[in-house]
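Just so you know, the sequences run in chain order A and B. According to my numbering, the stretch in the first sequence is residues 89 to 773, in order. According to my numbering, the stretch in the second sequence is residues 40 to 104, in order.
Since the hints were derived computationally from the structure, they do not count as laboratory data. A quick note: this is a predicted structure, and the numbers were derived from the prediction, not measured. Possibly wrong hints are sitting among the right ones.
Straight line, CA to CA, 20 Å or less: simulated SDA-like cross-link-like pairs of lysine to any residue [unchecked claim]:
| # | chain 1 | residue 1 | chain 2 | residue 2 |
| --- | --- | --- | --- | --- |
| 1 | B | K52 | A | D321 |
| 2 | B | K52 | A | D642 |
| 3 | A | K625 | A | G606 |
Spelled out from the first residue to the last, the chains are:
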Amino acid sequence: MTIKYQSSIGNNHTENTPQTPFKPTDHPAFTFNSPVGLCSDQYKRIWVADTANNRLIVLDKSMTKVLKVYGEPGEEPGQFNMPFRLLHHPEKPLIYVSDLANRRIQVLQYSKNLSIKTINIFGNTGPLHEHLQGPNGLTFCEGKLCVADEFFVNEEGGGRIAIFSESGEFINDIQTISGATDPGLLWPQGLSSDDQGRLYIANTGFYNIVRCDLSGNGIPFSATGTPEIEGLDVSRDVSIINNILYVPGGSANHINRYSIDGEALLPLGEFFAPIQVLAHPDEPSNIVVTDPIIASVSRYAVIDNAPLAIPIQVTGPARNNPGQLYFVTSAITEAIRPNKTSSTQQNTASLDNASLFSGYKNPFDPFNWIPNSLNFWEKSWNSVTHSPFNNWFTPSPRPKNKREDAWLLDGANHQIKRAPLCKNKAKPDVQAQAESLFPLMPGALGIDAFHPSVSIPGQLAPGTALFLVTNYLSGFVSVLQYNPYLDDLVHFSFFAGFGSAPWHLKNPQGITVNDATGDIYIADTGNNRISHWRISKNGIIGFINTYGEQGSGDGQFAGPSDVSVGPKGQLYITDQMNNRIQVLNSEGQYLYQFGQQGYGEDNDNFLLPTSIQATEKCVFINDLVNRSLKSFTHEGVFVDSFSGLGAKPNTGQLWMPYLLHADNERLIVPDCATNQVHIYSTLDT
Amino acid sequence: MKILEAAIKKRSKKSQQNTIPPETKEKLEQLFHKATTESDTTTAAKELTQAHAELHKQSPPPITP
Chain A
89 MTIKYQSSIG NNHTENTPQT PFKPTDHPAF TFNSPVGLCS DQYKRIWVAD
139 TANNRLIVLD KSMTKVLKVY GEPGEEPGQF NMPFRLLHHP EKPLIYVSDL
189 ANRRIQVLQY SKNLSIKTIN IFGNTGPLHE HLQGPNGLTF CEGKLCVADE
239 FFVNEEGGGR IAIFSESGEF INDIQTISGA TDPGLLWPQG LSSDDQGRLY
289 IANTGFYNIV RCDLSGNGIP FSATGTPEIE GLDVSRDVSI INNILYVPGG
339 SANHINRYSI DGEALLPLGE FFAPIQVLAH PDEPSNIVVT DPIIASVSRY
389 AVIDNAPLAI PIQVTGPARN NPGQLYFVTS AITEAIRPNK TSSTQQNTAS
439 LDNASLFSGY KNPFDPFNWI PNSLNFWEKS WNSVTHSPFN NWFTPSPRPK
489 NKREDAWLLD GANHQIKRAP LCKNKAKPDV QAQAESLFPL MPGALGIDAF
539 HPSVSIPGQL APGTALFLVT NYLSGFVSVL QYNPYLDDLV HFSFFAGFGS
589 APWHLKNPQG ITVNDATGDI YIADTGNNRI SHWRISKNGI IGFINTYGEQ
639 GSGDGQFAGP SDVSVGPKGQ LYITDQMNNR IQVLNSEGQY LYQFGQQGYG
689 EDNDNFLLPT SIQATEKCVF INDLVNRSLK SFTHEGVFVD SFSGLGAKPN
739 TGQLWMPYLL HADNERLIVP DCATNQVHIY STLDT
Chain B
40 MKILEAAIKK RSKKSQQNTI PPETKEKLEQ LFHKATTESD TTTAAKELTQ
90 AHAELHKQSP PPITP
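Turn these sequences into a full structure, and let the hints guide you.
This is the structure in structure tokens:
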């Protein structure tokens, strides 16, 4: 089972950039795509790494005008693949760019009139140990350029800080921090330094900030007694502004702050998922913050002893242009389309009361009360939905060969979108347009479809699927149905809710339904278990059981993120924090497991396996940190993979792939950071 | 692979601690009932979206770039 990139859905609108300078508010089609890096230049302009669009944006100091758009996808000088962090030279008009997926540093020289040219590229030549594997954070410390090499892997599985001269000669690296509680570095991202020659590392894999000198000697914070600041939710960056450490996302929706001695200060709240903080070049009390998920760069005023920063300017139009995706998390394929050629005259046909009540039996019969009343309701409903009133819509079972659409859960636009899948596999449509459908609630994350074998009472379009959507915020699962009169999805039912009782869910992610039995399984991530429900032929959804508990033994889980039903009804589960796949039978009994923790693009090692789908032929797994889509036999033998970190368009490269979907022909993978949905052919060649 | 193992061990001890107040949960349940059983489903759906938007401000998604 080979995996071959075919096409992508999701328009990023980078082709028709307006002539600079322009106001972004005048050009809603000009949007950021997961912006990350920030720096300011000698003319107080603000540079933004528009990472998933593979370009740099230069804003004026008020952040209301775009002065320059520089770069495009590619490997040549001046081209980028995930430009991540930006660093201004301490004195010269030079900007260093960590060109992450090209695994190199580009040095750009700029002028007052924003003439920009690449004058140096390094990190990708010379002896192998000098090559950067994933350059992220940058800082100058004692005249040397330090690079957080996020994806470098040493023999212990750790990362490093690589140190270069300002012209790009490799000097040495730091792989361990002496004196630290956890001396290793893992996936270090952010980097800063102070005027005493001390490095501050956002050591992402260890959820801390660590301080050391250029030889890797840990320098304890007086407030913690160790070289580390702990207790962070995430640790992606650290900036030093006015002698205060800013750690964006250190706690949920906050920018944590610490004194230079590591003492916790009042965090700043009401952010979403901030990733980098910059001192505003013209106003010392202001900060500039990037947020990749809401695709914006914002300016805030910081007031002493206040828990909030006051927003002054938000730059970056919402990504709601036609065909555009905005934190796309999951996808399925369906073949629902209205019959556009039907006569509207048929809609006026009257209801047939005789047929409506033809199934009537005494509902109060003490021996048959429940089945009789359900039968009555079901038959009555069928007589309505199959009446001439509905003739303009042609219900049909799910045909295998009918043209299907991709239904995409577009999280930040709060919508399910529908996009046609390419007919011609030889000439795939690489930019399929996604049209908006049902408005979703914030927090919607996973989706699957249930194809009932009989029409369910209350269904407006018998023969069509019901859509089940998990919500990681509220723990509810929404059941949506297709409304043929509106050509849209509407509420049908709901179940569960936030909590830890057996019938509750806590931060649920993936969901799957067994069409043959109506069994519904949900990856109840926060409760470390699989939740089992069932939908009856009458549309009643009932709780069955939960399987598993927190742990690493057989049948135990650590953050299960997705679940899929195999051809024999068995459950395949991504046991994400345990870095393995567990297989249970349909009643939750442990059968076997496969995979183990480790790096590897083409083996059965996993690092945060995030999503899984079993088909009749094999099992597909999204192995997040390895940026690899892997296929296995049902028994767990590795077969094939498609891998590659990056954001280069029309290549299928991956940044943050999320809940995948597969059938026997293709694999559909939403990437919530590049905001594209990639489609891969899985037909044997 | 000692460093990787130490980090993964640390990670597995972390779990999302966000909670929802009981009154918010009750309100959500009522709104879901309205959205699925009453005639004015559109209004209920809008209120549901608003209630989730409030939760959204307090909790970033499970994975972020």
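Hint check:
1. Restraint check: the Cα-Cα separation between B:K52 and A:D321 comes to about 12 Å, which is no more than 20 Å; the hinted pair holds.
2. At most 20 Å may separate the alpha-carbon atoms for a hinted pair to count; B:K52 and A:D642 meet this at roughly 18 Å.
3. This hinted pair checks out: A:K625 and A:G606 have alpha carbons roughly 8 Å apart, not beyond 20 Å.
Checked against the numbered hints listed earlier, the structure breaks none of them; every hint is satisfied.
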